[in-house]
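> Sequence:
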Amino acid sequence: MDFHGADPCRGDSDTASQDAPGRAPRSRDPAGLAGLIAHLPGAVYRCEAKAPWRVLYVSDQIEALTGCPARDFTSGRLRWADIVHPDDRAACERWRTAELAATGRCQLDYRIVHRDGDVRWLVEHGAAVRQADGRNLLEGYLFDNSRQKLAEAALRAGEAQLSTLFKQALVGILHRDRAGNVISVNDALCRMLGRTAEQLNGLPLAALLHPDDAAEHARAFEAHAAAGTPYAAERRYVRPDGSVIWCEIQVSFVRDERGEVESAIALLLDITARHEVDEQRDRAITMLHMAVQGADAGLFELDLEDYSLWLTPEALRIYGLPESHGPHLSHAEWRTLLHPGDLDIPPPIASEKDCGSKPVALEFRVCDPDGGIRWLRSLSHAIPSAKGNLTRLAGLVFDDTERKLAEQKLLAGEEHMQLVQRAARIGTYQTDANMVSVCSKQFYRNLGLDENMPQLTEAEYAARIHPDDREKAAREGRAAMASNAESIENEFRIVRADDGEVRWMFNRTRYLRDAEGRMIGAVGAHMDVTDRKRAEEAARAGAALNLSITEASADCIALLDPEGRLTFLNGHGLVAAGAEDFAALADKPWASCWPAAAGEGLAQAIMEAREGGVGRFTGCTRAQGGAETWWDVAITPVRGETDQPGALLAISRDVTEQRRTVERVRWAAGHDAMTGLPNRRFFHEQLQETLQEAKENGDRVGLLVLDIDHFKEVNDDRGHDAGDALLRVFAERLRLAVRSTDTVARLGGDEFAVILRHLGSEADMALIVPPILERLQVPFSHFGRALDCRASVGAAIFPDQGETPDELMKNADLALYAAKLSHRGSVTMFSADMRAEMQNRISMLNLARDAIREGLIEPYYQPKTDLRTGRLTGFEALLRWRHPSLGVQPPATIAEAFGDVELASQIGARMQEKVFADMRRWLGQGLDFHHVAINTSAAEFRKDDYAEQLLARLKRAKVPPELLEVEITERTAFLGKNSEYVVRALEVLRAHRVRVALDDFGTGFSSLSHLKELPVDVLKIDQSFVRDIAGTPDPDDSAIVLAVLNLGRSLNIEVVAEGIEQESQAAFLRANGCDTGQGYLFGRAIPAAQVPALMKAAESGAEWQPAA
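Counting from 683, one number per residue, gives the positions in the sequence shown under the numbering used here.
Be a bit skeptical, because a hint or two may be false.
[Unchecked claim] Distance condition first, Cα-Cα at most 25 Å in a straight line; then the derived SDA-like pairs of lysine to any residue:
1. Lys1492 - Glu1371
2. Lys1637 - Pro1051
3. Lys1502 - Glu1519
4. Lys1637 - Lys1123
5. Lys1377 - Phe1364
6. Lys1040 - Ser990
7. Lys732 - Asn863
8. Lys1377 - Phe1393
9. Lys1778 - Arg1553
10. Lys1270 - Gln1286
11. Lys1123 - Ala1088
12. Lys1492 - His1612
13. Lys1640 - Trp1057
14. Lys1270 - Gly1283
15. Lys1086 - Ile1534
16. Lys1625 - Leu1609
17. Lys1215 - Gly1283
18. Lys1637 - Cys1049
19. Lys1394 - Ala1413
20. Lys1637 - Asp978
Source of the hints: derived by calculation from the structure; they are not laboratory data.
Note that this is a predicted model, so its numbers are computed, not measured.
Starting from the given sequences, assemble the full structure and let the hints guide the process.
If you want it as structure tokens, here you go:
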């Protein structure tokens, strides 16, 4: 376009001297207008309002905008279009024309090319002005907008760069609002969380967090938002598939113009792999500790300069050194521990080339202080210094004694395995990468081959597979190997090479692969399953037979369509329906075969089966004779090809007899089968009801608890038939002896109870009970032998002696207990002092439990002395326990505990552990204590593992069994329960060189047959006989002592006298051949800490010396 014209501010212009029609008069102040234009930041122009847009006027500022003076444009030398950027020229022309035509105004921005070559942006604002001559002119204003355009371009570039960074960042970026809802996310976060941006935007952050982290995350966010400080944390996020990832998050806050937090930006880094590595590292450390402990190994470090050792406590224990020794062991001291035959073994060394690869192994023997020899094995790796040279070894040391001993049994074990394989017909094999196998003898025997074959090739093996199975077996093997499967199991037939017999084999093969998954070998086993295959074939034949005899089923079997109409009914069903053939019932509703009362249950069952479930109901039919038959009916769907029920199978089972049985069982649940009396459960219900009724009516109720005297002896001596007969007679007599209003029950075993209703007072009890006892006490004959029905009775009265069933029963039991202790065969009324006696027993038991729980059990040791030389020959460990306030207490204060199986076993175990620990310590100190004797209670033998538990504790303590003596009384061995366990336990202990002593011998339970049956090493004369042989000896006691001594010499059994307190007693015993004694004369029982001093005193000659 061309711009031509004159300056409107100049007075000699025609255009300036006249006012255009229709327009406001021009300013009469040309100088003022020119000044205004001169100070504008842009240029003012006037041009024609149509192409080619000839310039009539333009202000001088145009030169600053374009680099061209105004006269170049007004003279026509330069058109405006010449400086417009070529890419914008056509668009500029088009926009200006269109906007003027539409509105009479135009507003454009476009680029121009400055005279110096720079590209600049201009903004043009113009309006059409009509002149007096009718022409339209365009007047407007131009200004440079390049700076703003450049800023906008930079902003757009920055935004694009930021958007690219946001989208392509390797870390996840999340923008959330103050309420915790997601505003935007980047692609990396979408990939991390397994969701799209559309799924995440607007989602509450709590829906993404692991439930265990959500609360902590919200708390941390609020705390840091309040402080306005960024923060970092680790959080778990849950993907849609349920998998969890760990992320490290960096949170920064975005504030509004008021400084308030309005949102937050979080950077998320997936650290799941790092967490897994940390967990694996922690697990590896834990597994190392567990492995070292589980392997019973110790850690050591060897200095390669002076070969000194650093040992952990476990390693010290393995070397047989106390923990007080300290961790450092010089090479010279280490050699003193070695077996003389291993002194020339070289020290463990390693070369630089073996560093971190080959373990350094060493095997040697050490000698224990007690003379025992143990095998130790060490495995270590070289550890280089910072300079790379080897300065130390670190590794594990093991007590290998058991393995060495096991090696001696290895050949026998291999022979045993051969026998096992032969018995089970299992053959094993190992195959290398070339498919050549080394097989067990049984494997070759299974195939009918020479059992001494050195190896078996693939072709030789394939030849033994049945021709019909050969290709299938090979195909399965190839498929398993190609699929990288770990193993394969299959079955096929083989043809034996020796006799041609066809046998079935079950094969299990496990493939061995290298790191790349290539097969490098295989191991497996063959089992001859011919018998099982034959059994399966027989089972299939049986199934076919079962199918064929369905018609002979005792149940009524019906097939219904989905609407419940009959399509099949077996023979029993026809009989039950009263029909001769199925034709009369075909397509009829099955409900027509049932009475109306069964209709609702039948309809519900059919509906449940039609919906895919199992419908059940119980119904009753009545035959023409009036007899009822009860049926248990189950209806199940029979699914078709569409998996929808196409038919219904109804099976009706006659449960008439079963219902009668249930009624009988219901009665039996409340009654004793042997006697027909109510049982304990029914009795307690009756007692509850009776006491409630008595409470309402103000009555008294008596309760008797009876126990047949010496019932166990009847069972043991006469047999259980006699015992059962006694129970039945006793029950019948008791039932007949009480009033019709009373209730008699058998509570169990030989215990019975009676509820006596409507008692007036305790005096009524005295009138009612004696006749009952008199009737019971009459003997009766059982196969010609008289049986006694005497019973002890405990009695209590409601409400005087108990207001609840439990309280009344407990008090009656206490009275029964008192009756059995004082005078059997009588009745004893409950009194309050019985509870005190029982409380005393309970208190003893509680004291015992406290002593066990708090570790208050302590062994005290009483010395045994050689009566001829005065030398110490051993100790007896005596039980003591330390009361928190009363100090050391004797065992009598917890005597009741020794009759309780669990408490007695726990006390015995604590004593054993502490005694064995003391013995181990004394051995470590080099003390020759000869032996220690421990006592046992009868209750400890109630479990048949006493010997095994004791030997295990000895082994753990590393105490030789021959240093232990176990004392047992004849009452424990033969008069207590489980006496057979006692004999077996003592035989096991004797077999392991533990000595057995028979304690309190001669106190009334002695028997030569007992000595014959028991494996006894020592007889102990009870102190009651020793006490009265001093001064003027009691002739009876002296005779007993002499008899025991003579018996011991005859049977070659050592005899020990207990309770020696006077020189005269020791002299009598020594003169009559008693070798060993113990008692206050030689020393009282002392704690373990004083034993070493006592032994040292004994060695120095300070012990007791026999009188000359």
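> Could you run down the list of hints and mark each one as holding or not?
So, going through the hints one by one against the coordinates:
no. : hint              : in the structure
1   : Lys1492 - Glu1371 : holds (18 Å)
2   : Lys1637 - Pro1051 : holds (16 Å)
3   : Lys1502 - Glu1519 : holds (14 Å)
4   : Lys1637 - Lys1123 : violated (39 Å)
5   : Lys1377 - Phe1364 : holds (20 Å)
6   : Lys1040 - Ser990  : holds (22 Å)
7   : Lys732 - Asn863   : violated (58 Å)
8   : Lys1377 - Phe1393 : violated (36 Å)
9   : Lys1778 - Arg1553 : holds (12 Å)
10  : Lys1270 - Gln1286 : holds (18 Å)
11  : Lys1123 - Ala1088 : holds (24 Å)
12  : Lys1492 - His1612 : violated (51 Å)
13  : Lys1640 - Trp1057 : holds (15 Å)
14  : Lys1270 - Gly1283 : holds (18 Å)
15  : Lys1086 - Ile1534 : violated (39 Å)
16  : Lys1625 - Leu1609 : violated (35 Å)
17  : Lys1215 - Gly1283 : violated (46 Å)
18  : Lys1637 - Cys1049 : holds (17 Å)
19  : Lys1394 - Ala1413 : holds (17 Å)
20  : Lys1637 - Asp978  : holds (14 Å)
Hints 4, 7, 8, 12, 15, 16, 17, counting from the list given before, are not met by this structure.
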